[in-house]
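Which chain is which? The protein sequence lines are U and H, in order.
Read in the working numbering, the first sequence has 843 at position 208, and its numbers run on one by one without any break.
Read in the working numbering, the second sequence has 146 at position 84, and its numbers run on one by one without any break.
Read the hints as simulated data drawn from the structure, not as lab findings.
Mixed in with the good hints there might be a few duds.
To be verified - Straight-line alpha carbon distances no greater than 30 Å define the calculated BS3-like cross-link-like pairs of lysine-lysine that follow:
#: 1; chain 1: H; residue 1: Lys142; chain 2: H; residue 2: Lys218
#: 2; chain 1: U; residue 1: Lys762; chain 2: U; residue 2: Lys890
#: 3; chain 1: H; residue 1: Lys290; chain 2: H; residue 2: Lys321
#: 4; chain 1: H; residue 1: Lys278; chain 2: U; residue 2: Lys783
#: 5; chain 1: H; residue 1: Lys321; chain 2: U; residue 2: Lys675
#: 6; chain 1: U; residue 1: Lys840; chain 2: U; residue 2: Lys675
#: 7; chain 1: U; residue 1: Lys675; chain 2: H; residue 2: Lys272
#: 8; chain 1: H; residue 1: Lys142; chain 2: U; residue 2: Lys762
#: 9; chain 1: U; residue 1: Lys783; chain 2: U; residue 2: Lys819
#: 10; chain 1: U; residue 1: Lys675; chain 2: U; residue 2: Lys819
#: 11; chain 1: U; residue 1: Lys776; chain 2: U; residue 2: Lys762
#: 12; chain 1: U; residue 1: Lys864; chain 2: U; residue 2: Lys783
#: 13; chain 1: H; residue 1: Lys275; chain 2: H; residue 2: Lys251
#: 14; chain 1: U; residue 1: Lys783; chain 2: U; residue 2: Lys890
#: 15; chain 1: H; residue 1: Lys144; chain 2: U; residue 2: Lys762
#: 16; chain 1: U; residue 1: Lys840; chain 2: U; residue 2: Lys783
#: 17; chain 1: H; residue 1: Lys310; chain 2: H; residue 2: Lys139
#: 18; chain 1: H; residue 1: Lys218; chain 2: U; residue 2: Lys675
#: 19; chain 1: U; residue 1: Lys779; chain 2: H; residue 2: Lys272
#: 20; chain 1: U; residue 1: Lys762; chain 2: H; residue 2: Lys191
Source: prediction; values computed, not measured.
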Amino acid sequence: MRQSFSEALLELATADPNLYVVSVGLRPSVMLDRFSTRFKTRFIECGVAENNAAGISAGLAKSGKNVFLCTYSCFSPGINLATIKQSICLNNLPVKIIGYHAGLLTGELGASHQMLEDIALMRSLPKMEVFAPIDATEIYKMVKVLAKSSHPAYLRLVRPSTPVIYPGRLGFTIGKSQVLQSGKDITVLGYGPVLAQVFSIVTKKSLEIVNCSSLKPLDTTTILRSVKKTGRLLVIEDHQQNGGLGEAVASLILKTSLKCRFTHLAVSDSFGQSARDPYDLYRLHGLSPVNILDTINKLCSR
Amino acid sequence: MNIFANKKHPLSAIASEVRLSVLEMINTAGAGHIGGSLSSVEIMVALYFSHIFNFDRDHFILSAGHLCPTLYAILAKLGKIKYSDLSTFSDIDSRLEGHVSVSVSGVEYSSGSLGQGLSFASGLSLGDKDHHTVCLTTDGEHDEGQIWEAIMFANKYHQGNLINIVDYNGQQIGGTTADIMPLGELAGKYLRFGWTVQTVNGHDLSALIKALKIAKASTIYPAAIIAKTTMGKGISFMENDYHYHDVKKLPAALYLQAKNELEITSY
């Protein structure tokens, strides 16, 4: 995912002399070495100072630059939320905040580096749009679209290489979810690689898999249409339950007269921890394919 | 800090006018940060009326957003907003937010949360190297770590087109800045962080204008101007009393006294 993002950014920067990257002391880890040598004057290194980096990004955007602020999500927005709120959102500047190493898949780096609150924080900010691609194919398409957007945006990336399942023929549209697999028994809704796991599940149930990579704006039409059809909804996310997609969708459904059986698989008000195999953390927090299958069976048995 | 220092300066009449507008604006609204607004009057008058900068092209970033009554009064004087707008300060249907807002014509940055403006100004001056970006911060604001992040950044990128003016009035909401968090020798700190530094009497228009000219001439070093000021300047009972960091509506007698003092000391 990181690699694919870097490739897309290099292509964009070649075509757009106004494209700037603001770095926060993690250049090799966010895979921006090539960008920093090819576009030296457009690679702005702030050192380990996330608040200043967000302010610098906002100021650059004010001067008309197309700015990508690139660092770990546990630091941005983890540390610099107030600067993002005031200097970027309140001033309505189209900075693209790239949050690397989000979620439990950050693995051995442990609780401090496993950002599980980013979606909740960023969803809550006025003007901010929020996206989380399912894989390397989608991120590539997504970045090309977001580079042309005039809104502030947050883009969530994960650390390890993850399976690629996004069909090449599909594009990406802000505010649109994609039905990746059509089904009639249950809607499985989520974002990021945790959702991609659903494709590995073997079941006789007919699953409708909906990729909600545009978390804000939310594609309420596609989500409600699917839930109306299946009457059952499982939301899965590698994020805290509090403030995540599950709560957003539950609220959405409660506002309608739709009847729906609902379960939300997410991290339940707890921190992550180190694991050499990051997927052990999915097992520990009930987000593994086995857990997903169990939940589907329970929801479909009633 | 001689109050009569500006007696003959041609811009002193504007400074007096701005002070009266600030008092009236805040008293009409029934709330506002009067102490710092009054201490920063000469700084902003020197910036906007000396013609050293042209803020249609150069940039002014008010990092200390609570000093906006002074900026709003100046924008009214410049005709960017209407004088009648000033009486709407911080009201529900007014663009004149209680902390400075880009919804006001002539304002480039919405702020209020302290410590962020210098980063923003630094990014803006990096993106627009053909013009100058002037930031106004306060001494109390230097408690924020982000200010020091920005100070280091501006040194690294040789931002000769960046100027930071510090309204150093020595007071903040709960006491003196020396008591709350001593800044030590601020000029020396800027110098050691790679900036040029000037310390001036922040109520002396001639000194401020001279300092701005020198700061503008710096080509590779970011320039700090530490403007030593008096909080609540011009109203005797407010001067250097941190209880007047911000005020509610003044009792009628006090308001009249304040107004009289500002009118009498019109210099």
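These are the hints, each one checked on the structure:
1. H:Lys142 with H:Lys218: Since the Cα atoms of lysine 142 (chain H) and lysine 218 (chain H) sit roughly 36 Å apart, the hinted pair is violated (cutoff 30 Å).
2. U:Lys762 with U:Lys890: holds (23 Å)
3. H:Lys290 with H:Lys321: holds (24 Å)
4. H:Lys278 with U:Lys783: violated (36 Å)
5. H:Lys321 with U:Lys675: violated (56 Å)
6. U:Lys840 with U:Lys675: violated (53 Å)
7. U:Lys675 with H:Lys272: violated (37 Å)
8. H:Lys142 with U:Lys762: holds (27 Å)
9. U:Lys783 with U:Lys819: violated (36 Å)
10. U:Lys675 with U:Lys819: Violated, at about 52 Å.
11. U:Lys776 with U:Lys762: Answer holds: lysine 776 (chain U) to lysine 762 (chain U) is near 22 Å, not above 30 Å.
12. U:Lys864 with U:Lys783: violated (35 Å)
13. H:Lys275 with H:Lys251: Holds - the C-alpha atoms of lysine 251 (chain H) and lysine 275 (chain H) are around 22 Å apart, at most 30 Å.
14. U:Lys783 with U:Lys890: Violated - the C-alpha atoms of lysine 890 (chain U) and lysine 783 (chain U) are around 33 Å apart, more than 30 Å.
15. H:Lys144 with U:Lys762: Holds. Lysine 144 (chain H) to lysine 762 (chain U) sits at ~29 Å (cutoff 30 Å).
16. U:Lys840 with U:Lys783: Measuring from Cα to Cα gives roughly 40 Å; hence the hint is violated.
17. H:Lys310 with H:Lys139: holds (25 Å)
18. H:Lys218 with U:Lys675: holds (14 Å)
19. U:Lys779 with H:Lys272: violated (49 Å)
20. U:Lys762 with H:Lys191: holds (28 Å)
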